[in-house]
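There are 2 protein chains.
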Amino acid sequence: MKDIPAYMLDVGRAARAASRVIAAASSATKTNALLAMAEALDAARGALVEANALDLEAARSDGLAQPLLDRLILDDRTIDRMIEGVREVVALPDPVGAIRGLDYRPSGLQVGRMRVPLGVIGIIYESRPNVTIDAASLCLKSGNACILRGGSEAIRSNQALAACIEQGLVAAELPVGAVHLVQTADRAAVGELLKLTEYVDVLVPRGGKGLIERVATSSIPVIKHLEGVCHVYIDDSADPDMAVAIAVNSKTEKYAVCNALETLLVSAAMAPTVLPVLAARFGQAGVELRGCEKTCAVLPDIGAANEEDWTTEYLGPILAIRTVAGLDEAIEHINTYGSQHTDVIVGSDYANNRRFLKEVDSASVMVNTSTQFADGFEFGLGAEIGISTDKLHVRGPVGLEGLTTEKFVVLGNGEIRHR
Amino acid sequence: MKDIPAYMLDVGRAARAASRVIAAASSATKTNALLAMAEALDAARGALVEANALDLEAARSDGLAQPLLDRLILDDRTIDRMIEGVREVVALPDPVGAIRGLDYRPSGLQVGRMRVPLGVIGIIYESRPNVTIDAASLCLKSGNACILRGGSEAIRSNQALAACIEQGLVAAELPVGAVHLVQTADRAAVGELLKLTEYVDVLVPRGGKGLIERVATSSIPVIKHLEGVCHVYIDDSADPDMAVAIAVNSKTEKYAVCNALETLLVSAAMAPTVLPVLAARFGQAGVELRGCEKTCAVLPDIGAANEEDWTTEYLGPILAIRTVAGLDEAIEHINTYGSQHTDVIVGSDYANNRRFLKEVDSASVMVNTSTQFADGFEFGLGAEIGISTDKLHVRGPVGLEGLTTEKFVVLGNGEIRHR
Chain Z
144 MKDIPAYMLD
154 VGRAARAASR
164 VIAAASSATK
174 TNALLAMAEA
184 LDAARGALVE
194 ANALDLEAAR
204 SDGLAQPLLD
214 RLILDDRTID
224 RMIEGVREVV
234 ALPDPVGAIR
244 GLDYRPSGLQ
254 VGRMRVPLGV
264 IGIIYESRPN
274 VTIDAASLCL
284 KSGNACILRG
294 GSEAIRSNQA
304 LAACIEQGLV
314 AAELPVGAVH
324 LVQTADRAAV
334 GELLKLTEYV
344 DVLVPRGGKG
354 LIERVATSSI
364 PVIKHLEGVC
374 HVYIDDSADP
384 DMAVAIAVNS
394 KTEKYAVCNA
404 LETLLVSAAM
414 APTVLPVLAA
424 RFGQAGVELR
434 GCEKTCAVLP
444 DIGAANEEDW
454 TTEYLGPILA
464 IRTVAGLDEA
474 IEHINTYGSQ
484 HTDVIVGSDY
494 ANNRRFLKEV
504 DSASVMVNTS
514 TQFADGFEFG
524 LGAEIGISTD
534 KLHVRGPVGL
544 EGLTTEKFVV
554 LGNGEIRHR
Chain D
144 MKDIPAYMLD
154 VGRAARAASR
164 VIAAASSATK
174 TNALLAMAEA
184 LDAARGALVE
194 ANALDLEAAR
204 SDGLAQPLLD
214 RLILDDRTID
224 RMIEGVREVV
234 ALPDPVGAIR
244 GLDYRPSGLQ
254 VGRMRVPLGV
264 IGIIYESRPN
274 VTIDAASLCL
284 KSGNACILRG
294 GSEAIRSNQA
304 LAACIEQGLV
314 AAELPVGAVH
324 LVQTADRAAV
334 GELLKLTEYV
344 DVLVPRGGKG
354 LIERVATSSI
364 PVIKHLEGVC
374 HVYIDDSADP
384 DMAVAIAVNS
394 KTEKYAVCNA
404 LETLLVSAAM
414 APTVLPVLAA
424 RFGQAGVELR
434 GCEKTCAVLP
444 DIGAANEEDW
454 TTEYLGPILA
464 IRTVAGLDEA
474 IEHINTYGSQ
484 HTDVIVGSDY
494 ANNRRFLKEV
504 DSASVMVNTS
514 TQFADGFEFG
524 LGAEIGISTD
534 KLHVRGPVGL
544 EGLTTEKFVV
554 LGNGEIRHR
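Residue numbers (this note's numbering), protein chains in the order written: chain Z, 144 to 562; chain D, 144 to 562.
By construction, these hints were calculated from the structure, which means they are not laboratory data.
Careful, some of the hints might be misleading.
Copies of the same chain are indistinguishable here, so a pair counts whether it falls within one copy or spans any two.
Derived lysine-lysine pairs resembling BS3-like cross-links, with alpha carbons at most 25 Å apart [as the list claims (entries may be wrong)]:
(1) K437 <-> K367
(2) K397 <-> K367
(3) K338 <-> K367
(4) K550 <-> K397
(5) K367 <-> K145
(6) K437 <-> K145
So here's chain Z without its partners, still in its complex pose (with noise of 0.2 Å):
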């Protein structure tokens, strides 16, 4: 491709019109669409893994980790899933329209809010293809319009996917310019899309911290999920089976996932009793303990966490752990150390436990269960497009509400202002 910013200049004019369309069309013309590209997706098995043959040989011979090559599969089972997503996507209420609070004013008028699409949605991740039908049904569902570049090395993938997304628009008889696959592996393309202010509502990264990081240098509002340090504090009151449980579940149950334990707080009076049970468990599991002076004094045997601990997302077997000296002190070092993402506190004393939840500034606070339940699925949203660590439009994670907002209703008759 040779003029990368006049193609993208057309995809984002075409997505904006498109926009248009599908923000009108009814709950049934939406859900033809995501049910007749479940089908297609169905019909194209063959094509899919073939092109995703040419991906995956392409990316061994430029070397890709084996990690990466295996996200980047598309085979029976991973298609399943993706067609079961549409399905649970398909079942959502649609969020679009609803209008909420339509009280009587003073002045005679009534005035509501309207659940609305945001528009243009331009959504950039990696490697797993699957994100290119989570993302377009997501979209689709809520009545916006979106430009999907995923990562070069399954462009031919996303291309097969592409085709059976376009199979369900025109199968409904909506625009086919309301889900654009960037059709360049070109990184030029991703620098256009983010100067596409009149034509891209907001831009949604998905993928590594780098990524983010250059998404968010657009002056187009961006959905985004940097990383997930979390907490669980075991407080003085409590329960110490359940405390070691919790801890354990939301370390171990998952490692490479934004919502697995990253730091461990303990009450200095817990410490003697919990501290032992904890590094037995973890040792069992394989996970690497780093400790603060007080946590070592009880574990000798453990490492020395240092400040960048406190701070750092391990992502795999290791967990920091530090003792202190009661709730203050662990509302202070989340608020300081932590990433705003989950944190949980463990406990049975009620003005502890409320505290903990009013003053704990993250996107998700909890009380007596494991960081690991934070997602779409397990709060009733459905299917999410990622965790927002932002403040502003949306915390936590992102469901079909995310992708909305709310426009005032008015209704009046013949009313004039006389101020």
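Put chain D on the given structure of chain Z with help from the hints.
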């Protein structure tokens, strides 16, 4: 002041620290601070007028234009209004800490959302010193710390007002860093404020387009109000008398406001009936009309509108008029040329009104009433800090709720996750 970067960094740090305290403050504490602030304003009338006189004198010798001088004045009447404004904020319900939708999930967890402050809000405004008090009271009530940067021409008035705010904070034993007025008129301070990404959660510019565009370059999220190119569309089905009354009120009730009518759209079927009446009424009011070709065919005495008129916010007694085929063309015009602020349909056709509400992509969409009603008080939000033309986070008038966000709260009883 010598080292402005160091000063602003200190201001940011202090605001972040104070934000934790104010976020956790009880409603009663915040009310005490606000009431003490109102009393301090009342007691400081002499000092306020004196400080203001110095600002006015300097502004006159700098040759500030009369309308700007008028906006700068602090007198008994404007002080009364400020005090009244603070008391109105006291009377509003405290949004902080409210939990909604705490539903049980299949996992046994209860998941809901708690409304919480944004943290630190940076407000950058021009001329009017009353914004100092309005902004401080709204931020305080919503549990946010704020950094206020007023116009350099109002700095003495603002410092006198800030002294009253400080008295309020001290009386309620809240940290004085919770409301910080920038103490230098040097424009470099604004540049430094825009860089405080770690300490400021959102920026709210209030002023001209130049200011707003400058603030929007920050990588801190911005709640911005750009312009209001508002429309009234008179549908085929409109009652002609109602249509005329609404169009005239929307334009003439106040000219220099963002919710004033700037472009009138008239369906071709209604044009011969309403245009002559409107021309007479607008003629009496001294409003200059500029029409499209079809409009000029009915009103041969008015000037011709060009492409630029459709995107112009006149903020004065000029009105652009376009005759459109009907609803489709009206929606198309508004979504193409409008500023997504406030748009009205006048009509009695149920389906047309419903389509207009859904398909016009603006912060406020209205049926059969005046654009001039688009404000926080009329919408029931109480005092507003501005009217957002952004789509993300908050759209339309921004009151206390717009200065807050929601986090997830999760209540468990030892649940752990098995994927």
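Tested hints:
1. Within a single copy, K437 and K367 get their C-alpha atoms no closer than 36 Å, and across copies no closer than 48 Å, so neither meets the 25 Å cut-off.
2. Taking identical chains as interchangeable, the C-alpha atoms of K397 and K367 lie at most 25 Å apart only when both belong to the same chain, with a minimum of 22 Å there against 41 Å between chains.
3. Within a single copy, K338 and K367 get their C-alpha atoms as close as 17 Å, and across copies as close as 19 Å, so both meet the 25 Å cut-off.
4. Taking the shortest Cα distances, K550 and K397 sit within 25 Å of each other only across copies (24 Å), while inside one copy they are farther apart (40 Å).
5. In the homo-oligomer, the alpha carbons of K367 and K145 never lie at most 25 Å apart, since the shortest distance is 31 Å inside one protomer and 37 Å across protomers.
6. For the identical chains of this complex, K437 and K145 are neighbours neither inside a copy (62 Å) nor across copies (44 Å), given an alpha-carbon limit of 25 Å.
Of the numbered hints given earlier, the model fails hints 1, 5, 6; all others are met.
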